[in-house]
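Using the sequences and the hints given, assemble the complete structure.
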Amino acid sequence: MLRFLKRWFRRLFAKQDVKLGLYGPPNSGKTTLANRICKDWLGEELGKVSKMAHETREIQMKESVTIKSKDGRELQFNLVDTPGIATKVDYEEFLKAGMPEKKAKKRAKEATKGVIDSIKWLDDMDAVVVVLDATTDPYSQVNITIIGNLQAREIPVTIAANKVDLRKANMKKIQAAFPQYNIVGISAKYGKNINNFYEEVFDLIGA
Amino acid sequence: MGYHEIEKLSSLGRIRKLLNLAKDNKIILLQGRLRPDEEKELIKATMEEINKEFKGIELAVIDPRDRVKDGLQKFKYDMMGLVLGMQTGITIIGSANVVKKIKRDPSKIELLTKDVKKKKKK
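As they're listed, the protein sequences go chains F and V.
Residue numbering for the first sequence follows our numbering, beginning at 1 and increasing consecutively.
Residue numbering for the second sequence follows our numbering, beginning at 1001 and increasing consecutively.
Warning: the hint list may mix true and false statements.
Below, a list of computed lysine-lysine pairs in the DSS-like style, where the Cα atoms sit at most 25 angstroms apart [as the list claims (entries may be wrong)]: (1) V:Lys1008 <-> F:Lys173; (2) F:Lys168 <-> V:Lys1044; (3) F:Lys172 <-> V:Lys1103; (4) F:Lys120 <-> V:Lys1017; (5) F:Lys96 <-> V:Lys1100; (6) V:Lys1100 <-> F:Lys109; (7) F:Lys103 <-> V:Lys1044; (8) F:Lys96 <-> F:Lys109; (9) F:Lys113 <-> V:Lys1108.
Hints listed in this document are in silico derivations from the structure and should not be mistaken for laboratory results.
Source: prediction; values computed, not measured.
If you want it as structure tokens, here you go:
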């Protein structure tokens, strides 16, 4: 009943340009998920992905993404893919990955700016999907800080535990870390459980 | 560090004090925690100051209120929060130059440090 009322109120006061943000630490698969959403509903990808952290260093937005639910409802939003939020950026890590020094320093500088931009945009979001890597430790302070800020601003949030196709993925650990949130396990790369994710987005935005 | 040392400072003052200590390669063990918006601003301020010498920070907070969903325990912690404000929990902040990693498990913290002197000798 409470869920129905919430949804009814949100629909009643629905904004025209809903911004759905993808937030999370670096390399959790935010751009892979953004690409999956854009490919599924627009037929084109949004950004480049790589195994190296901080591949996305600028906010990327795809306007007017329309998704459909199983029961025929439609939902339109502007999808915002953000650079991963981190508390440290070390250009030596990029050097270790084989990048030339000049390029590594440039990447580190762009990465710090990317984190600042992500933080600046956080309050402008209407709803957020926090994308976590299900194979890594969910108790990172960055995750807690992002979610804590969204909670304080009453911005609806759901958690997508990505990379569940990998053997190391541990959904139970993520559920234990964030017991008060809806968590949907997905593989953005292979599309596993992606329909459940879309249903979760409907619930999140309240369409 | 007791929370009273930063309690009377503005948000910006708190962030500056903690960040300056971290930049001095000190590991700060703070009684209590920053507000979520202050934590966010701390990360932002850290990013603004990253350079060749300063790589950023490692940050971890243990607060029992984060892990309680509902029920009597949540009520108990909410009451505790009303009385103590941001003084519940523990915050650890350290420069990424000296702190390699902070592992949470989830109610205990393991801090792995780097050997800075050894690195300097090289």
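Would you check the hint for F:Lys96 and V:Lys1100, treating anything up to 25 angstroms between C-alpha atoms as holding?
-> At roughly 16 angstroms apart (the allowed maximum being 25 angstroms), V:Lys1100 and F:Lys96 satisfy the hint.
Satisfaction of hint between F:Lys173 and V:Lys1008, Cα-Cα up to 25 angstroms = 38 angstroms, violated
Mind checking the alpha carbons of F:Lys113 and V:Lys1108 for me, to see if they're no more than 25 angstroms apart?
-> Outside the cut-off at roughly 32 angstroms; violated.
Given pair status - V:Lys1044, F:Lys103, alpha carbons within 25 angstroms = Between F:Lys103 and V:Lys1044 the Cα gap is close to 23 angstroms, so the pair holds against 25 angstroms.
Decide if the proposed pair is consistent with the structure: F:Lys168 and V:Lys1044, CA atoms, cutoff 25 angstroms inclusive.
-> 31 angstroms, violated
Decide if the proposed pair is consistent with the structure: V:Lys1100 and F:Lys109, CA atoms, cutoff 25 angstroms inclusive.
-> 21 angstroms, holds
Taking only the CA atoms, is the gap from F:Lys120 to V:Lys1017 under or equal to 25 angstroms?
-> Cα-Cα ~22 angstroms, so holds.
Taken at face value, is the distance from the CA of F:Lys109 to the CA of F:Lys96 at most 25 angstroms?
-> 17 angstroms, holds
Does the alpha-carbon distance linking F:Lys172 and V:Lys1103 stay inside the 25 angstroms limit?
-> Between F:Lys172 and V:Lys1103 the Cα gap is close to 18 angstroms, so the pair holds against 25 angstroms.
Of the numbered hints stated above, those contradicted by the structure are hints 1, 2 and 9, listed in ascending order.
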